[in-house]
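These protein sequence lines are chains H and W, in that order.
The letter at position 108 of the first sequence is residue 108 when you use the working numbering, and the numbering goes up by one with no holes.
Throughout, the working numbering is defined as the position within the second sequence, counted from one, plus 109.
No lab work stands behind these hints: they were computed from the structure.
You may find that some hints are simply not true.
To be clear about the criterion: a stretch of chain W counts as covered by chain H if any three or more of its residues have a C-beta under 8 Å from a C-beta of chain H, and this derived list gives those stretches [what the hints assert, rightly or not]: (1) 315-328; (2) 379-385.
Mimicking BS3-like on lysine-lysine, the simulated pairs with C-alpha atoms at most 25 Å apart in a straight line are [stated by the list, open to error]: (3) W:256 with W:299; (4) W:248 with H:67; (5) W:389 with W:176; (6) W:283 with H:72; (7) H:30 with W:389; (8) H:103 with H:30; (9) W:299 with W:214; (10) W:283 with W:248; (11) W:283 with H:30; (12) W:283 with H:67; (13) W:176 with H:30; (14) W:283 with H:103; (15) H:103 with H:72; (16) W:299 with W:359; (17) W:214 with H:67; (18) H:67 with H:103; (19) W:214 with H:72; (20) W:176 with H:72; (21) H:30 with H:67; (22) W:248 with H:72.
Idealized CB from N, CA, C, for every residue including glycine.
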Amino acid sequence: MFKLIASSLGGVVLAVALSAHAAPAPVTIKIDNFTFNSPALVIPVGTTVTWVNEDDVPHTAVSDDHKTFRSKPLDTEDRYSFTFNSPGEYPYFCSIHPHMTAKIVVKAS
Amino acid sequence: MTEDPHRRRFLECMAWAGTGVLWTVSGGVAASVSLDQALAGTRRGARGAIKPFTFLQVSDSHIGFNKPPNPDARATFREAVAKIQAMPAKPDFIIHTGDVSQLSKPEEFDDADQILGEAGITTFHVPGEHDMLDEGQGKAFLDRYGKGALGDGWYSFDHSGVHFVGLITVKDLKAGGSGHLGDDQLAWLKADLGGRSASQPIVVFTHIPLWAVYPAWGWGTDDSEQAMALLRRFGSVTVLNGHIHQVLQKVEGNISFHTARSTAFPQPAPGSAPSPGPLKVAADQLRPSLGIRTINVVRGRQPLALIDTPLA
Numbered sequence: 001m002f003k004l005i006a007s008s009l010g011g012v013v014l015a016v017a018l019s020a021h022a023a024p025a026p027v028t029i030k031i032d033n034f035t036f037n038s039p040a041l042v043i044p045v046g047t048t049v050t051w052v053n054e055d056d057v058p059h060t061a062v063s064d065d066h067k068t069f070r071s072k073p074l075d076t077e078d079r080y081s082f083t084f085n086s087p088g089e090y091p092y093f094c095s096i097h098p099h100m101t102a103k104i105v106v107k108a109s
Numbered sequence: 110m111t112e113d114p115h116r117r118r119f120l121e122c123m124a125w126a127g128t129g130v131l132w133t134v135s136g137g138v139a140a141s142v143s144l145d146q147a148l149a150g151t152r153r154g155a156r157g158a159i160k161p162f163t164f165l166q167v168s169d170s171h172i173g174f175n176k177p178p179n180p181d182a183r184a185t186f187r188e189a190v191a192k193i194q195a196m197p198a199k200p201d202f203i204i205h206t207g208d209v210s211q212l213s214k215p216e217e218f219d220d221a222d223q224i225l226g227e228a229g230i231t232t233f234h235v236p237g238e239h240d241m242l243d244e245g246q247g248k249a250f251l252d253r254y255g256k257g258a259l260g261d262g263w264y265s266f267d268h269s270g271v272h273f274v275g276l277i278t279v280k281d282l283k284a285g286g287s288g289h290l291g292d293d294q295l296a297w298l299k300a301d302l303g304g305r306s307a308s309q310p311i312v313v314f315t316h317i318p319l320w321a322v323y324p325a326w327g328w329g330t331d332d333s334e335q336a337m338a339l340l341r342r343f344g345s346v347t348v349l350n351g352h353i354h355q356v357l358q359k360v361e362g363n364i365s366f367h368t369a370r371s372t373a374f375p376q377p378a379p380g381s382a383p384s385p386g387p388l389k390v391a392a393d394q395l396r397p398s399l400g401i402r403t404i405n406v407v408r409g410r411q412p413l414a415l416i417d418t419p420l421a
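With the rest of the complex left out, here is chain H (with noise of 0.2 Å):
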């Protein structure tokens, strides 16, 4: 019986540690109308955010620092993503309409 329980425990510290390993799910972010639709995403770190293009021009997602992402211009229903690795605050914005911006706030899981 003792040992049972021990093998069932162990099994749960297993699940727990499989689950800290796998990759949060996946966000995606709409851009339409001028507009992100998320303002502030708030996600745990490792998750991947796709952007999609849902607008009739064509729209970038880049980081304020130009550096830490850059999407191509993204043409009506083009996508681009990206996997934050990071916990930290990534303000972004679109090179080409720059008016736009909006932020992803990544959390230590």
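Chain H is fixed; fit chain W onto it per the hints.
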């Protein structure tokens, strides 16, 4: 009055897409007239101390754009160029105030050059933000059009007594900002204008407006005031730009600002829509946006008045 139906249809098409703007320099004051007027030979002015000449502005050809309301921006650009070719008096040169292309693709620039080349007239370019989308963030444009230009592509030249200055407002745009000139370009502008007589007419051309048309949509240039401070001492300054795909004007002292139509698609009036995206005008709603441009040629040092009148 009879009217050639083909021409009529053509005018309907071109009026909403916009055509070029013909500029006449007379007595140091630039005045604009629509291409239709120029074709009809109703241009006024052409007197004064400066040797009269004409030049032409086209803007925002967006070659590659193919969505409502314009399935083929190449076709409308071609029609604009056909109008230039049909002008009785050839303009001395053409200024393209940016957004030549939709996505900075080589084939878009190639097609734009091929179409505009049909006019057979020297053309000066400044880039729009759509021309900065290549891997090199504007290198493709600069390699093609920026020969002899300085810095990120700015330059100036004199023509028949008038000083022309091409400025870059689309390089290294900052998050939350609008158009941008930058300290290097402003330092160059100061030196370029420094030794000039205040009586020399100045024409500045750039893509994004140098006045705050509608900052919420990025329709302005963050540091334009510093450029204005350098230009204010001149008796006649005319600022030409594109970017907002409609005709707007503002006069501030001796400086007059004029935005130009696109040859590709119209955009909403400032703040009149949820976003500055293309105005999807329907075919049967085009006539109210047909327009001819009339001018009040103002002599001396006064700014000109520019009036666009719809046909219906």
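Can you name, in rising order, the numbers of the hints this structure does not satisfy?
-> Of the numbered hints, just 9 does not hold.
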